[in-house]
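**Student:** Go by the hints and put chain B onto chain A.
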Amino acid sequence: MLSSHAFGDPGKMKDYHYAGPVEQRFSPYAFNGGTVLAVAGEDFAIVASDTRLSEGYSIHSRDSPKCYKLTDTTVIGCSGFHGDCLTLTKIIDARLKMYKHSNNKMMTSGAIAAMLSTILYGRRFFPYYVYNIIGGLDEEGKGAVYSFDPVGSYQRDTYKAGGSASAMLQPLLDNQIGFKNMEGVQHVPLTQDKAVQLVKDVFISAAERDVYTGDALRVCVITKEGIKEQTVPLRKD
Amino acid sequence: MALSNVLETPAAGFNFDNAARNAALEGLFERGQAPKPLKTGTTIAGVVFKDGVVLGADTRATSGEVVADKMCAKIHYIAPNIYCCGAGTAADTEKTTDLLSSNLTIFSLNSGRNPRVIMAVNILQDMLYRYHGKIGANLILGGVDCTGNHLYTVDPHGSVDEVPYLAMGSGDLAALGILENGFKLDLELEEAKELVRAAIHAGIMSDLGSGNNIDICVITRQGVDYIRPYQESEFKDNRKIKYRYRPGTTPVMTEKVVPLKLEVVQESVQQMDTA
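Chains as they are written, first to last, in full-length UniProt numbering: chain A, 1 to 237; chain B, 1 to 275.
Hints are supplied without guarantee of correctness; some may be wrong.
[Said to hold, decoys possible] Here are the in silico distance ranges between beta carbons for each label pair:
id: 1; chain 1: B; residue 1: 186; chain 2: A; residue 2: 170; range: 49 to 57 Å
id: 2; chain 1: A; residue 1: 142; chain 2: B; residue 2: 258; range: 35 to 43 Å
id: 3; chain 1: B; residue 1: 186; chain 2: A; residue 2: 20; range: 55 to 63 Å
id: 4; chain 1: A; residue 1: 209; chain 2: B; residue 2: 28; range: 25 to 33 Å
id: 5; chain 1: B; residue 1: 248; chain 2: A; residue 2: 139; range: 35 to 43 Å
id: 6; chain 1: A; residue 1: 99; chain 2: B; residue 2: 229; range: 52 to 60 Å
id: 7; chain 1: B; residue 1: 25; chain 2: A; residue 2: 61; range: 40 to 48 Å
id: 8; chain 1: A; residue 1: 61; chain 2: B; residue 2: 173; range: 13 to 21 Å
[Stated by the list, open to error] Listed next, the in silico DSSO-like pairs over lysine-lysine satisfying Cα-Cα at most 27 Å (straight line):
id: 9; chain 1: B; residue 1: 193; chain 2: A; residue 2: 200
id: 10; chain 1: A; residue 1: 194; chain 2: B; residue 2: 236
id: 11; chain 1: A; residue 1: 194; chain 2: B; residue 2: 256
Hints in this document: simulated from the structure, not taken from any laboratory. C-beta: ideal position from N, C-alpha, C; glycine also.
Chain A on its own, in the form it takes in the complex (with noise of 0.2 Å):
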C-alpha cells in the first residue's frame, strides 16, 4: 500500500526507499485484566476483587480471584499481569514463612507492607506489572489499607482501588466513604455492614462500564475474629 510520505507536490511522487530490517518486539508482559479494592473500617478490612481472568478481547477464566490471604489477619489483592501476580505472591509468603521462623511471631500488615515495597523496588528495571492493594488489621486491630504502585512507593490509606477499574471506583468511594464534593452531610463512621454492600454495588458499576471486570465478585472481610469469604455474582457479558 502506497503511504502518503510518497508524495511531495501532488502529482510528483518521491523515490521510494527501502526502510531495512524492521525489529519485531517481543513484550515480556501481558495485561490480564481484573480489578481489586480494599477498604478499611474501624475494626474491619474488606479486600475485594472480580475473578475475570481476560486477554485481548477473550477471556481465560471466569474464575480466578485476585485477593490471596497472607496471614490471618492480612489479605493482598493483586490485578495486572497475571504471571507476576503469581510469583510475587509466591515469594511474599516464602518471606513471611523466613520471618515466622526467624522471629517466632507472624508479620504484621505494615511490615508486609513495608517489605513488599522493598521486594517490588528490588525489580526497578524490569518490574513486576502488579498493582497491589493490602488489606489487614494493625496491631491496633484497626482497619489498614496500603496500596502501591508497580515499581513500590506506596502509603496507608483509608479506602483505594487498583487495576483495570480503577479510575471509575476511586471518585464513587472518594464520594460515599470519603464523603467528597459533598455538603451538608453528616459523616457517618462506615459500619461493616454498609460497607460490604457499598462494595457489592460499586462492582456492578464497574462490571456495566468495565469490559475487563466481570464474572463474579471475591469479598474477604478481616476482623479479629478471621477472614470470611463471600462470592457474588457480577455480569458474564
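**Tutor:** Chain B alone, transformed into the frame defined by chain A:
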C-alpha cells in the same frame, strides 16, 4: 467525493487530494497518534432462511476498554427491503450506511422500483475500495428482492462475498461456531431466529467487546420485522443501597433566574437509561 453516485458517475481513478493534508496531520499529532475513534467491538451475524434473511447484532459499543453505549443500534436501515449490520469504527459504519441509504432512495424515486441488494453491495464496494481500507466498516448486508434472498459481507478494503450464513466483528469466531453447527439450508423462521440469537449470545459471552442485549431483524417479501431488543440481557443490576442526594448537597454559589416565555406545543417523555 460526489454525494450521490446515482445522479452523476464519480470521477474515474483514485482521488489523492487529501494526501498532502494527511501527511501534515501525522506530523501535528505527537508520534502520529491521532485521536482514537470509537470502535464497536461487536458480534453481528446473518442467516438466509426459507422465506428471507435474519440479521442479528449485540448492542455494546466500546471505546477502548470502557463501554461507551450499552444500547447502541448496529442494524441500520438501507432500503425498505435491505438492512445492514455494521462492525468496526462506529462513525464509519453509521455514515457509510447513511450515504448508501440516501443513494438508494434517490434511485428508488428515479426509477419507481425497490433497489436490489446487489446494487447496495456495488455502491459500498466502490466507496470502500476508493478509500483503501481507511474507512473501518465491516458490513453484513442482507435483503430480499425480486431475485431472491441475499446475504453479503463487505470488508473495509472493498472485498465482497455472498454467503448463506455469516458472522463478523470481534466476537465472530464464537458466533461462527454456533452457526457452523446449526445451519441448514431452508430453515424455518423460528429456527433461523433462534440460530442467530444463539450465535450472538455466544459472541456476547465469549467476547469482551460484545455484550448487553440482542437485536434481530427479519426481512421477508412481506416486510421487515425489526425487533429491538429481541432478548434483553439476563444480567440485571441489583444495587441494594439507594444513592440519592438531598437538594443542597452540591453548594449553590450564586443563583440567577431568567424566566423564558414559552408556549408548550408538544410534550414527549423519553426514559433515560439509569443503570
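**Student:** Check the structure against each numbered hint from earlier and tell me which ones fail, lowest number first.
**Tutor:** Checked against the structure, the hints that fail are numbers 2, 9 and 11, while the rest are satisfied.
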